[in-house]
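Assemble the complex: chain A is given as a structure, and chain B must be docked to it using the hints.
There are 2 protein chains.
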Amino acid sequence: MALISIIEDFHPMGDVRLLDRAAQLTPALLHTIREPVGGFQLKERYSSERSEIVLDEIPHLSMGKGENLCLDFGEHLVGYLTLEFSYSGSHPDAPAYLKLKFAETLEELSENAQDYAGWLSCSWIQEEYVHVDLVPTRLVLPRRYAFRYLKITMMDTSPKYKLIIKHAECRTETSADWRKVPPFRCEDPVLQRIHEVSLKTLANCMQEEFEDGPKRDRRLWMGDLRLQALTNSVSFRNYDLVKRCLYLFGGSRFPDGRVSANIFTKPTVEADDTFLFDYALMFVVALEEYLQETRDEEALDDLYDIAMQQVEYAIRQIGEDGKLNEQAVRDTFIDWSDELDKNACAMGVLIYALRYARRLARRKNDWSQSNWLLQQNGLLRRSALEQFWSDREQCFVSSGQISAASQVWMVLADVCTPEQALAAMRKARSLRSEPHMTTPYMHHYYVMALLRVGMKEEAEEHLKSYWASMLDAGADTFWECWDPEHPEASPYGGSIVNSCCHAWSCTPAYMIEKFLLPAEDESLSSDHPAK
Amino acid sequence: MALISIIEDFHPMGDVRLLDRAAQLTPALLHTIREPVGGFQLKERYSSERSEIVLDEIPHLSMGKGENLCLDFGEHLVGYLTLEFSYSGSHPDAPAYLKLKFAETLEELSENAQDYAGWLSCSWIQEEYVHVDLVPTRLVLPRRYAFRYLKITMMDTSPKYKLIIKHAECRTETSADWRKVPPFRCEDPVLQRIHEVSLKTLANCMQEEFEDGPKRDRRLWMGDLRLQALTNSVSFRNYDLVKRCLYLFGGSRFPDGRVSANIFTKPTVEADDTFLFDYALMFVVALEEYLQETRDEEALDDLYDIAMQQVEYAIRQIGEDGKLNEQAVRDTFIDWSDELDKNACAMGVLIYALRYARRLARRKNDWSQSNWLLQQNGLLRRSALEQFWSDREQCFVSSGQISAASQVWMVLADVCTPEQALAAMRKARSLRSEPHMTTPYMHHYYVMALLRVGMKEEAEEHLKSYWASMLDAGADTFWECWDPEHPEASPYGGSIVNSCCHAWSCTPAYMIEKFLLPAEDESLSSDHPAK
Numbered sequence: 411m412a413l414i415s416i417i418e419d420f421h422p423m424g425d426v427r428l429l430d431r432a433a434q435l436t437p438a439l440l441h442t443i444r445e446p447v448g449g450f451q452l453k454e455r456y457s458s459e460r461s462e463i464v465l466d467e468i469p470h471l472s473m474g475k476g477e478n479l480c481l482d483f484g485e486h487l488v489g490y491l492t493l494e495f496s497y498s499g500s501h502p503d504a505p506a507y508l509k510l511k512f513a514e515t516l517e518e519l520s521e522n523a524q525d526y527a528g529w530l531s532c533s534w535i536q537e538e539y540v541h542v543d544l545v546p547t548r549l550v551l552p553r554r555y556a557f558r559y560l561k562i563t564m565m566d567t568s569p570k571y572k573l574i575i576k577h578a579e580c581r582t583e584t585s586a587d588w589r590k591v592p593p594f595r596c597e598d599p600v601l602q603r604i605h606e607v608s609l610k611t612l613a614n615c616m617q618e619e620f621e622d623g624p625k626r627d628r629r630l631w632m633g634d635l636r637l638q639a640l641t642n643s644v645s646f647r648n649y650d651l652v653k654r655c656l657y658l659f660g661g662s663r664f665p666d667g668r669v670s671a672n673i674f675t676k677p678t679v680e681a682d683d684t685f686l687f688d689y690a691l692m693f694v695v696a697l698e699e700y701l702q703e704t705r706d707e708e709a710l711d712d713l714y715d716i717a718m719q720q721v722e723y724a725i726r727q728i729g730e731d732g733k734l735n736e737q738a739v740r741d742t743f744i745d746w747s748d749e750l751d752k753n754a755c756a757m758g759v760l761i762y763a764l765r766y767a768r769r770l771a772r773r774k775n776d777w778s779q780s781n782w783l784l785q786q787n788g789l790l791r792r793s794a795l796e797q798f799w800s801d802r803e804q805c806f807v808s809s810g811q812i813s814a815a816s817q818v819w820m821v822l823a824d825v826c827t828p829e830q831a832l833a834a835m836r837k838a839r840s841l842r843s844e845p846h847m848t849t850p851y852m853h854h855y856y857v858m859a860l861l862r863v864g865m866k867e868e869a870e871e872h873l874k875s876y877w878a879s880m881l882d883a884g885a886d887t888f889w890e891c892w893d894p895e896h897p898e899a900s901p902y903g904g905s906i907v908n909s910c911c912h913a914w915s916c917t918p919a920y921m922i923e924k925f926l927l928p929a930e931d932e933s934l935s936s937d938h939p940a941k
Numbered sequence: 411m412a413l414i415s416i417i418e419d420f421h422p423m424g425d426v427r428l429l430d431r432a433a434q435l436t437p438a439l440l441h442t443i444r445e446p447v448g449g450f451q452l453k454e455r456y457s458s459e460r461s462e463i464v465l466d467e468i469p470h471l472s473m474g475k476g477e478n479l480c481l482d483f484g485e486h487l488v489g490y491l492t493l494e495f496s497y498s499g500s501h502p503d504a505p506a507y508l509k510l511k512f513a514e515t516l517e518e519l520s521e522n523a524q525d526y527a528g529w530l531s532c533s534w535i536q537e538e539y540v541h542v543d544l545v546p547t548r549l550v551l552p553r554r555y556a557f558r559y560l561k562i563t564m565m566d567t568s569p570k571y572k573l574i575i576k577h578a579e580c581r582t583e584t585s586a587d588w589r590k591v592p593p594f595r596c597e598d599p600v601l602q603r604i605h606e607v608s609l610k611t612l613a614n615c616m617q618e619e620f621e622d623g624p625k626r627d628r629r630l631w632m633g634d635l636r637l638q639a640l641t642n643s644v645s646f647r648n649y650d651l652v653k654r655c656l657y658l659f660g661g662s663r664f665p666d667g668r669v670s671a672n673i674f675t676k677p678t679v680e681a682d683d684t685f686l687f688d689y690a691l692m693f694v695v696a697l698e699e700y701l702q703e704t705r706d707e708e709a710l711d712d713l714y715d716i717a718m719q720q721v722e723y724a725i726r727q728i729g730e731d732g733k734l735n736e737q738a739v740r741d742t743f744i745d746w747s748d749e750l751d752k753n754a755c756a757m758g759v760l761i762y763a764l765r766y767a768r769r770l771a772r773r774k775n776d777w778s779q780s781n782w783l784l785q786q787n788g789l790l791r792r793s794a795l796e797q798f799w800s801d802r803e804q805c806f807v808s809s810g811q812i813s814a815a816s817q818v819w820m821v822l823a824d825v826c827t828p829e830q831a832l833a834a835m836r837k838a839r840s841l842r843s844e845p846h847m848t849t850p851y852m853h854h855y856y857v858m859a860l861l862r863v864g865m866k867e868e869a870e871e872h873l874k875s876y877w878a879s880m881l882d883a884g885a886d887t888f889w890e891c892w893d894p895e896h897p898e899a900s901p902y903g904g905s906i907v908n909s910c911c912h913a914w915s916c917t918p919a920y921m922i923e924k925f926l927l928p929a930e931d932e933s934l935s936s937d938h939p940a941k
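Sequence lines, in order, name chains A and B. Number 941 marks the last residue of the first sequence (our numbering); no jumps. Number 941 marks the last residue of the second sequence (our numbering); no jumps.
In short, the hints are calculated from the structure, not lab data. A portion of the hints provided could be inaccurate.
Identical chains blur together in the list; that is why a pair holds if it fits in one copy or across any two.
To be verified - Below, a list of computed lysine-lysine pairs in the DSSO-like style, where the Cα atoms sit at most 30 Å apart: (1) Lys570 with Lys590; (2) Lys475 with Lys676; (3) Lys576 with Lys453; (4) Lys590 with Lys509; (5) Lys576 with Lys676; (6) Lys676 with Lys509; (7) Lys874 with Lys590; (8) Lys570 with Lys676; (9) Lys676 with Lys572; (10) Lys570 with Lys837; (11) Lys570 with Lys475; (12) Lys733 with Lys509; (13) Lys453 with Lys509.
Excised from the complex, chain A in its bound form:
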């Protein structure tokens, strides 16, 4: 995620006790050493035309001004690079000046940073210019990178010597412990591979927090966290990390108590001045799901009031006409799409979250709150049906627009009859015009909605076709944005800042294990609490 919201003089409230608890839960990071598995040289400076190099030849390859060497580490890595240099020719009489470009994909490797003119900071581009004063030497770069490919370009050595890359290695970093992942085998090789890549994606986003992407923005976003926590529950089972993140969101919030869309944790913990209506409600959902897994009474006691605050704030945004106000809808993310009308979606997320809120209230034995939530749920479901259901179209229509997203969130909110829901999802499947779904975040909820109306085959088909199309396009980890019909698209005005290991795309592993494998149909009901 990356959004630009600016609030002047924003001073988030801090809860020292919650933040101390979050600090105690900081995970140890695990490390491995990874070395390149292949090498090549790009023939033109920013082309993809390349000549392969035998790996064993690299420690004997002398590189002078303008030459490049690309190392392929064989898989997406998050960690710290070490390079060992020696030289050929005379004793180095000048520093070596290198450009290092880290790339998650081959496309990124051949992009020219100078061409980037998007609205996100170019500081996210993983490039460094480095002077090496003494050779031979061992250079440990201080910053963490997310990459599979590394391009080393000699800006200059000197006429007297050439540089040799004797050794390269990456010290990877993650809080995901692969030893805790239950074995998974499925007969469908595509699903098997999607499952693997999902977990790899999640693992590389699991650091001291659940990051949205290890390349960018490298921090905790609420909507992403909810999906990461789901996949974590079928894999790394690092519930302390989920708890830590919930406490971080609880511990630094908007002055009026709202949960921020994202949290900075360094140099100190601080809520961002970005509020997203749907993300704040996902705090309620994620807390309830965490408690389902852990029955952690401490977390329930500490975070219950905060969860209820989110729901109550959201309900206050409903006018007397039963509609969400414009600001709430504007504050709703759902998907990267300027065209999408989000009225139905925002209402859908609210009603969806109410279900989880009511379960929290029941866990807490807060019966009056539970009853109030049940009542609100009824009111809002009726209002939503009235506002958005079209008998003529046999689907949900939001401000005149028929979108997949509107169908998805109305269905997940459970506002209509099973027949209406089925019709809505059939409509969603048939849509070819804009607005397209652009993010794996949206596609996750689309698959979940198909599953919810019983369209399991279609759900599996969509999961396979959408996520496998990323694999076909070269993904080692799943991406932040992917519209198979517009592979070059970036919500940021330049794909060089796109994140190609992005947490919100990790959920296929969860959906496969929970809903698509034959023996486990009944687990679908875990998302059907109202039934």
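Chain B in isolation, oriented as in the chain A frame:
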């Protein structure tokens, strides 16, 4: 100095005992903290048009994409930069990406590194691109820089925040101890200022070795060392550093025993594969001058044979015709000038060095060597006079060319009568055509030759006009290259790699104290050992 010589499979000989002694003599480095004394912003990216900024406002100045801040530290510094950053606006949601440009002069500050197409490595350009991942923070740059000015350009922050430079400081580094410098006062303010700047130049080149320039090449060159040692003798009196450098030259040499033109000291001590005929002979001169100051028997014992080797090698380059062979002349530096015919100069340096060699032999009570050197001196002086003196021109002519350099070195070699020497130096002063003298290294010997023939007024006049013209052009320390008639000139094809604090230009302090101040005329005789 910077020269390109490449010898394939060069393996210098190493003398572990001499190198161990050199290591023991490594000086402690002294440090001070320096802060900016002024600030400004350059209006265009590579222009010199600027708007001043009040110093106190800098810690409140918010800088966004494309903006720059230039800090003026008020004097030339050698050391390590620390920057402290804070921000304005929202919590930083992306790294800050900065370009830092360090410049010894204002001209360097406004040059564009992209325009540089010279033959020296562009890695010498003092520019860094830096990502600052967390703000607020304190950034200590790991590399040493030589600069007075620092330009900080915001490559990007993000739309959400701007960066503030809260504090900047430089931790300077030198082995020159100013407390050891005798007080110096002279009535002529120009000489006074030249003296000051000379010592500042030397101090900033005094690190663990006498460096030729702290920006570039940052290492020990023999010709430069000889001049640094002279100025050191009237100022910082760090004789251990001179000794260390002589031992470094002695400790790593060409396989046949020749002293290299320069020595690398890191990662390990190693002679460069560059031989300069005149520089190797300066080892003899510098050793003798060191012994004059210190009467250090250990150094005499350890380095005498090496000094004699240099002389003997040089004499072997004389053919039966009494002329130096072409290779020796090609290996002779003298000055940065492609036009200069160096036959007379090379012969001059050899005869000059013989005088010092003979003094060494007498110190060592090596009378047969002393006699042999006296005999060689007589032969070579006669040969030089025959080859180069022109009665018609009343000056020295080298392969048909009349240059100041030829007069200077024939005069310093003392090959002719005082009348001839005076005529030669009058001719040198009258020359207006090419080849010009281009370096302070050459100008030093020019002034010394004027002094030698008794043209003290002219010597002082030239010293003042040449070195003061650098001051007029903005020098805080004296430069590597300076031809007042061609201020933009660079021997490297681009002035951005020129060094503007260069040791071989530090000698005015020595010449003023030794020869130009009224009471000390007799000390001139120290350069007249043969008389």
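Hint by hint, here is what the structure shows:
1. Lys570 with Lys590: So lysine 570 and lysine 590 fail the 30 Å test inside a copy (53 Å) and across (40 Å) alike.
2. Lys475 with Lys676: between (38 Å within a copy, 23 Å between copies)
3. Lys576 with Lys453: Only inside one copy: lysine 576 and lysine 453 sit 22 Å apart there, 44 Å across copies, limit 30 Å.
4. Lys590 with Lys509: Neither. Shortest intra-copy (39 Å) and inter-copy (44 Å) distances fail the 30 Å Cα cut-off.
5. Lys576 with Lys676: This pair counts as between: shortest inter-copy Cα distance 19 Å, intra-copy 35 Å.
6. Lys676 with Lys509: For lysine 676 and lysine 509, both the intra-copy (28 Å) and inter-copy (23 Å) Cα distances are at most 30 Å.
7. Lys874 with Lys590: within (26 Å within a copy, 79 Å between copies)
8. Lys570 with Lys676: Close across copies (17 Å), not inside one copy (44 Å); limit 30 Å.
9. Lys676 with Lys572: Between copies only: 17 Å across chains, 40 Å inside a chain, cut-off 30 Å.
10. Lys570 with Lys837: Neither way: lysine 570 and lysine 837 sit 69 Å apart in one copy and 40 Å across, limit 30 Å.
11. Lys570 with Lys475: within (11 Å within a copy, 38 Å between copies)
12. Lys733 with Lys509: Answer is neither; intra-copy 54 Å and inter-copy 50 Å both fail.
13. Lys453 with Lys509: both (16 Å within a copy, 28 Å between copies)
Comparing the model with each earlier hint shows violations of hints 1, 4, 10 and 12; every other hint is respected.
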